[in-house]
Amino acid sequence: KQEVTQIPAALSVPEGENLVLNCSFTDSAIYNLQWFRQDPGKGLTSLLLIQSSQREQTSGRLNASLDKSSGRSTLYIAASQPGDSATYLCAVRPTATNKLIFGTGTLLAVQP
Amino acid sequence: DAGVIQSPRHEVTEMGQEVTLRCKPISGHDYLFWYRQTMMRGLELLIYFNNNVPIDDSGMPEDRFSAKMPNASFSTLKIQPSEPRDSAVYFCASSLHRGGAGEQFFGPGTRLTVL
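Quick note, the sequences are listed as chains A and B, same order. Under our numbering, the first residue of the first sequence is numbered 1, with each subsequent residue one higher. Under our numbering, the first residue of the second sequence is numbered 113, with each subsequent residue one higher.
Hints are all accurate, no fakes.
To give an idea of the interface, some chain A residues facing chain B are shown, with a C-beta separation under 8 Å as derived from the structure: (1) LEU44; (2) SER46; (3) GLN51; (4) PHE102.
Hints were generated in silico from the structure; no laboratory data involved. Note that CB positions come from ideal geometry on N, CA and C, so glycine has one too.
From just these sequences and the hints, can you work out the full model?
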C-alpha cells in the first residue's frame with residue numbers, strides 16, 4: 001500500500017531564506033507526483049506536476065525534484081516571502097490508477 | 113475558465129438530514145474526483161468518475177454516501193442521513209487525462225457541519 005510522508009510537519013523561517021520541503025513515498029511505481037499549496041480555509045492550488053520520467057520542474061521561485069527510485073521528492077522555495085505561508089501537500093499518482101495519494105502536509109510560516 | 117465550482121461553500125445541518133453537495137468541473141476535463149478532508153485523516157479520495165462513469169468508489173465510507181455525474185458539467189455528492197462524524201471539508205477536483213498530464217485542479221470546497 002502506497003504511503004506518503006512529509007517532513008517536517010511544520011516549519012518557520014525568516015523572510016528571504018531558501019527552504020526545502022520533503023516528501024517520501026513507499027512504492028516507486030508512480031505515474032507522477034504533484035505539489036499543492038493550501039491556504040487556511042481554502043482549496044488546494046496546484047504548484048507543480050512532475051512526470052515519473054522527469055527529474056525536476058521549475059515555476060518561478062519554486063523547484064521540485066523527483067528521485068523515483070529512492071521514493072523522494074523535494075520542493076525548493078527560493079527567497080521565501082510572507083505570502084508563501086501556507087500548508088504544502090505532495091501527492092503521488094500510482095501507476096495503473098488515476099487516484100492521488102496525499103501526504104499529511106508541511107505547515108510553512110515565513111516570518112516578516 | 114472559472115475553475116472548479118462547488119456549492120454551497122458552507123452547510124450546517126442537523127443529524128439525520130439529507131445533504132447534497134454540488135460540483136461543476138473545468139470544461140473539457142474528463143475526470144472528476146470527490147475528496148474529504150479532516151484534521152484526523154487528512155485528504156481522502158471518496159470516488160472518481162471518468163467520462164461521467166464512476167470508476168472507483170472504494171473510498172465511500174458507507175451506504176449513506178452516494179455520488180452521481182449525470183453529465184460532463186455536473187456532479188453531486190449526497191449524504192443521507194447525515195451524522196456528526198460526516199463533518200469535514202468536501203473537495204471536488206477535475207483533470208484532463210486524454211491528451212493531458214492528468215494534473216488535478218481543486219474547487220474551493222464545501223465546509224459541512226452536522227450538529
